[in-house]
Amino acid sequence: MGRFGKGWRGAVTLTFCLVLVLSLVPRVVTAKEPYKVGAIFAVTGGASILGEPEKRTAEMLAEEINKKGGINGHKLDLVLYDDESDETKCRLGVTRLIKKDKVPVIIGPSTSGNTLAVIAVCDEAKVPLISCASSIKIVTPVSERKWIFKVAPSDSHSVERIYEFLSKKGIKKVAVMTVSDGYGSSGREELLRLAPTMGIEVVADERYGPKDTDLTAQLTRIRGTGAQAVINWSVGPTQILAVKNWKELGMTAMTFVQSHGFASKKNIELAGGAAEGVICPLGRVNIPDLLPATDPQKGVIMAYNAAYQARFKEPLSAFGGHAWDALTLAVEALGAVGPDPVKIRDYLENRKHFVGQGGVFNFSPADHCGLTKDAFEMVVVKNGTWALAQ
Amino acid sequence: MPERLSHELNKSAMEKLSLSGQLVQYLFTGVTVGSIYGMVALGFDIIYNVTEMINFAQGEFVMLGGLVMAFCAKFLPLPVAFCVAVAAVTAVGVIMERFTINPLKNASVVTLIIVTIAVSILLKGIAMFIWGKDPYIMQPFSGTEPVHLFGAAIQTQTFWVLGISGIVVLLLTLFFRKARYGKGMLACADNPEAARLVGIKVNLMVLLSFALSAAIGAAAGAVITPISLMEYDRGALLGLKGFGAAVLGGLGSFSGAVVAGLILGVAESLCAGFISSGYKDAVALLLLLLVLFVRPSGLFGNVEASKIKRF
Amino acid sequence: MSRGNLLTLSAILLLLLIFPVLVTRVEAISHYLDVMVFVGIFSMITIGLSLLMGYAGQISLGHAAFFGLGAYTSGILCVKLAVSPWLAMVAGALLTAIVAYAVGVPSLKLKGHYLAMATLGFGVIVNIVFNEEVELTGGPSGLSDIPSLSVFGLPIRGELFFYILVWSMVLLVLVFCLNVIHSRIGRALRSIHDSELAADAMGVETGRYKVMIFVLSAVLASLAGSLYAHYVGFLSPSSFSILFSIRLVMMVVVGGMYSLWGALLGTWLLTFLGNEWLYVFKDFDILVYGAILLFVVMALPEGLVSVVPRLRHLGKRRRESES
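Residue numbers (the numbering used here), protein chains in the order written: chain F, 1 to 390; chain X, 1 to 311; chain G, 1 to 323.
Treat the hints loosely; a few may be bogus.
What the hints assert, rightly or not - DSS-like, lysine-lysine: derived pairs with alpha carbons at most 27 Å apart:
#1 X:K201 / X:K183
#2 F:K266 / F:K382
#3 F:K36 / F:K126
#4 F:K265 / X:K133
#5 X:K133 / F:K313
#6 X:K74 / F:K313
#7 X:K74 / F:K266
#8 F:K146 / F:K343
#9 G:K80 / F:K137
#10 X:K74 / X:K133
#11 F:K211 / X:K74
#12 F:K137 / F:K343
#13 X:K133 / F:K211
#14 G:K80 / F:K146
#15 F:K68 / F:K102
#16 X:K74 / F:K382
#17 F:K32 / F:K102
#18 X:K105 / G:K111
#19 X:K133 / F:K266
#20 X:K74 / F:K265
#21 F:K32 / F:K68
#22 F:K168 / F:K382
Stated by the list, open to error - Partner residues aside, some chain F positions facing chain X, computed with beta carbon under 8 Å:
#23 S48
#24 E52
#25 E206
#26 Y208
#27 T213
#28 T216
#29 T220
#30 P237
#31 I240
#32 L241
#33 E248
Stated by the list, open to error - Cβ-Cβ distance ranges computed for the label pairs, FRET-style:
#34 F:K382 / G:V83: 50 to 60 Å
#35 G:I156 / F:E64: 39 to 49 Å
#36 X:R196 / F:K265: 55 to 65 Å
#37 G:V90 / F:K67: 56 to 66 Å
#38 F:K67 / G:D145: 35 to 45 Å
Quick caveat, the hints were computed from the structure, so don't treat them as lab data. All residues carry an ideal CB built from backbone N, CA and C; glycine is no exception.
Just need the whole structure built from these sequences, with the hints factored in.
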């Protein structure tokens with residue numbers, strides 16, 4: 001150690017160089033090449049509520065597939081990165097997947113913002129991306145989104161269902177409260193845009209931060225406007241806070257509507273009884289028991305629910321299903337046309353009647369989203385669980 | 001509550017709420033959240049008083065206190081869970097001081113700032129590991145039915161928050177005025193060399209200041225969780241606003257911290273109620289900037305003393 | 001410029017030239033080019049920050065705000081008003097300079113923790129504005145489809161071209177800053193750093209110089225922001241948060257804030273660590289990151305770059321003891 005002076009510094013440098021060299025050594029090639037699928041989710045950071053269940057679902061599904069023999073005998077290699085809800089990281093992760101891991105298809109990211117940040121990268125590299133985020137901007141204008149698909153229903157679908165339901169009940173004046181992050185602002189855009197077209201008047205437009213500890217100020221303002229219903233659009237603790245504050249302020253005569261992000265029995269638990277009577281649009285994946293036997297999605301939904309609950313010992317989230325849909329589509333494409341990005345893209349674009357967790361998808365060259373507002377059912381919280389809303 | 005009465009209350013909720021009713025509601029919300037800012041500010045003040053440095057990890061103490069208590073409250077009676085939470089986070093404060101602050105006795109401002117920031121990142125990461133990213137809830141200490149006053153609905157937990165902060169302030173003031181260790185801690189801030197000469201163990205005082213700060217932060221976190229839930233990354237914003245309150249009240253002044261915290265909370269709440277709910281976070285910071293530019297010694301700080309302090 | 005600096009500059013230039021050639025040959029690290037573009041963009045900010053912190057002895061925990069101002073000005077002008085990207089970049093720099101001056105004059109009268117908090121508060125306020133002014137900035141949903149830069153009519157697409165563009169600008173900035181350091185202004189700065197009281201007594205206009213450097217560092221951050229906007233094509237307020245401001249300060253401190261080379265080293269190391277080398281740790285990476293920061297700050301308060309003179313010093317001592 002003498003030559004390096006203060007020994008430990010030399011040792012650190014040496015170890016560092018060793019690690020660098022090792023990371024450059026190419027992998028050993030086996031008999032049947034594994035098929036790779038790249039995945040990038042917001043496992044940590046502000047959007048981890050979306051990314052964590054997506055990661056779990058993807059890994060669980062990948063294991064299942066490999067247990068059953070893989071894709072036509074090829075092992076499925078899921079290369080998964082965490083973008084930490086950060087755009088720069090997401091971009092670098094996607095570049096890594098494309099250049100270093102050489103994946104023919106990518107699933108994710110979890111958020112619309114991060115998806116928009118990587119569209120150019122996938123376009124240039126000509127690698128298809130199946131996003132789990134919901135903004136309509138991800139897939140329109142479709143002429144500039146040739147390589148991008150999404151499996152999450154758009155916020156516009158969710159809002160349409162809500163307004164339809166409220167109109168039927170004779171409610172014309174609504175107050176809107178949204179969280180000021182990507183999820184909330186996307187919902188807010190749609191809520192404000194679709195209201196006039198569906199005969200609804202928005203009398204209040206409140207916003208709050210994702211880390212706010214109290215929403216009574218916003219609710220009190222809403223109380224002063226004479227709105228007949230409150231629509232809250234957020235995920236995370238604020239969606240629980242909103243419900244609790246609504247109950248505590250004695251505003252239960254005003255109908256309370258949550259976004260589809262509320263969909264997890266865990267949220268009902270956390271709200272501790274305050275959620276009774278709350279309405280929200282849910283994807284069918286969250287209400288397997290309420291589905292009639294004739295529903296085409298019932299089979300896959302029941303299987304996924306059972307598997308997730310058994311493995312993670314907690315109820316489904318609203319978002320894990322997107323990863324299921326994205327990965328299943330990717331795997332199907334690989335099985336049909338092999339690891340060729342161009343062929344995979346063409347396959348995805350023409351896939352009709354794909355029965356997934358989010359709905360029954362019908363893709364086309366003009367529609368890379370594949371869903372309509374029927375992906376949602378209106379439900380109400382009754383006795384601590386979901387029931388179909390009349 | 002009898003059916004008819006609650007129905008009447010709901011009916012009044014449907015009618016446009018009067019301006020005074022709104023005002024009362026905002027005031028109470030503001031006071032609730034303001035007492036938390038005040039307690040965080042107290043934590044900053046204690047460490048500042050003894051060491052003249054700012055501990056950027058103060059917010060994490062609050063977060064940890066809330067999470068530990070939410071966890072313990074599931075299988076321990078509330079008072080015991082509270083003590084466990086405070087004790088656990090105090091231990092964290094002590095560890096932090098011993099391992100990261102003590103070795104850096106003569107470091108520059110920037111180094112100390114960076115170190116406490118690094119510690120806050122670590123604490124956040126550890127919390128994420130133990131508790132995950134989900135929010136945690138806890139039952140309010142005395143029931144979920146809100147109290148109705150002047151047309152506004154106040155949660156009973158609010159009174160717990162106010163009560164506990166009041167007791168903390170009282171105890172602290174007594175401690176620093178009367179107790180030997182308390183006076184010793186103040187002496188260290190003024191002149192560590194002189195303090196050492198007189199036989200005060202400066203190192204011990206610094207350790208105590210961190211322990212005390214952590215304990216107060218933990219108490220604040222534990223008492224606010226039933227109202228607003230707690231999760232692993234709540235610390236940063238709380239710390240920032242608490243610091244704003246500390247500066248507004250004059251760094252080092254305990255009563256200043258509490259009053260400034262309340263002012264901040266109420267200002268925020270009024271802004272959210274009457275101006276714009278999106279910009280309410282900016283209120284706390286604008287106030288902070290104003291104070292810093294116009295009167296850095298804060299509302300209650302001593303102007304001369306603040307000029308000769310090390311930082 | 002001193003011989004030492006010229007030598008280091010040439011060495012860096014050489015490394016920069018070899019780098020793309022090397023990585024495009026080796027598949028496993030071919031994406032490193034993308035990372036290096038970001039390293040370059042961030043370096044523009046940290047070089048300015050290093051001048052402010054190391055030479056002028058001030059601190060700023062709000063530089064992400066200037067980065068964001070440049071990025072959003074470029075983005076908004078290009079997307080909404082179809083202004084030429086280069087013009088928008090200049091506009092961004094001007095706007096940032098004005099804001100930095102307005103904020104700097106009152107803030108730089110403060111010292112130490114107070115200054116840190118003032119800059120922190122400023123940074124958070126600007127971030128809130130980005131978030132709330134939805135009409136202008138797109139709010140949390142972000143601003144998308146920002147066009148790319150073009151040089152002489154040729155649009156710059158792809159990592160390699162951006163790499164060349166960004167690092168050319170970084171080298172220009174380095175040369176400029178080195179000249180500032182070795183000029184009268186630089187000497188005045190160092191005197192302020194050593195003792196503001198003494199400098200004041202000697203007639204150095206401390207206030208003016210501090211604000212000057214603050215504005216300079218802000219303008220550099222703004223230019224970096226514009227480059228970022230055109231490279232990524234999409235902006236959202238969460239990229240310009242206080243977390244990023246703190247990361248920037250970390251880069252400067254870890255590398256060594258008393259030298260511009262330190263800023264470069266720290267930026268390079270932390271960007272690669274944060275985005276590449278900690279991947280093996282998966283979920284643990286945030287813990288490892290925090291631990292590394294803590295360790296470096298405590299063991300090497302003058303940053304990693306201080307290892308070099310120490311080794312040289314060690315070498316000298318050995319030679320002396322052997323003779």
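Do the hints match the structure? See the list:
1. X:K201 / X:K183: 12 Å, holds
2. F:K266 / F:K382: Holds. F:K266 to F:K382 sits at ~14 Å (cutoff 27 Å).
3. F:K36 / F:K126: It holds: about 16 Å lies between the C-alpha atoms, which stays within 27 Å.
4. F:K265 / X:K133: Given pair F:K265, X:K133 holds - Cα atoms ~17 Å apart, limit 27 Å.
5. X:K133 / F:K313: 16 Å, holds
6. X:K74 / F:K313: Holds: X:K74 and F:K313 sit about 18 Å apart, inside 27 Å.
7. X:K74 / F:K266: 16 Å, holds
8. F:K146 / F:K343: Distance of about 13 Å is within 27 Å: holds.
9. G:K80 / F:K137: 17 Å, holds
10. X:K74 / X:K133: 18 Å, holds
11. F:K211 / X:K74: Given that 27 Å is the threshold and the Cα spacing comes to 24 Å, the pair holds.
12. F:K137 / F:K343: 24 Å, holds
13. X:K133 / F:K211: 13 Å, holds
14. G:K80 / F:K146: Holds, because 24 Å separates the two Cα atoms, which is no more than 27 Å.
15. F:K68 / F:K102: Roughly 24 Å separates the two Cα atoms, so the pair holds.
16. X:K74 / F:K382: 25 Å, holds
17. F:K32 / F:K102: Measuring from Cα to Cα gives roughly 17 Å; hence the hint holds.
18. X:K105 / G:K111: 20 Å, holds
19. X:K133 / F:K266: 14 Å, holds
20. X:K74 / F:K265: 19 Å, holds
21. F:K32 / F:K68: 16 Å, holds
22. F:K168 / F:K382: Roughly 20 Å between the alpha carbons, so the hint for F:K168 and F:K382 holds.
23. S48: With a closest approach of 4 Å, the F:S48 hint holds.
24. E52: Hint on F:E52: holds, closest Cβ of chain X at ~6 Å, below 8 Å.
25. E206: Hint on F:E206: holds, closest Cβ of chain X at ~5 Å, below 8 Å.
26. Y208: 6 Å, holds
27. T213: The hint holds - F:T213 has a Cβ within 8 Å of chain X, the shortest such distance being about 3 Å.
28. T216: F:T216 check passes; min Cβ-Cβ to chain X is 5 Å, inside 8 Å.
29. T220: 4 Å, holds
30. P237: 4 Å, holds
31. I240: Interface hint status for F:I240: holds (6 Å vs cutoff 8 Å).
32. L241: Holds: closest Cβ of chain X sits about 6 Å from F:L241, inside 8 Å.
33. E248: F:E248 check passes; min Cβ-Cβ to chain X is 5 Å, inside 8 Å.
34. F:K382 / G:V83: 50 to 60 Å: 56 Å, holds
35. G:I156 / F:E64: 39 to 49 Å: 45 Å, holds
36. X:R196 / F:K265: 55 to 65 Å: Once the Cβ atoms are compared, 60 Å apart, the range 55 to 65 Å for F:K265 and X:R196 holds.
37. G:V90 / F:K67: 56 to 66 Å: 60 Å, holds
38. F:K67 / G:D145: 35 to 45 Å: 43 Å, holds
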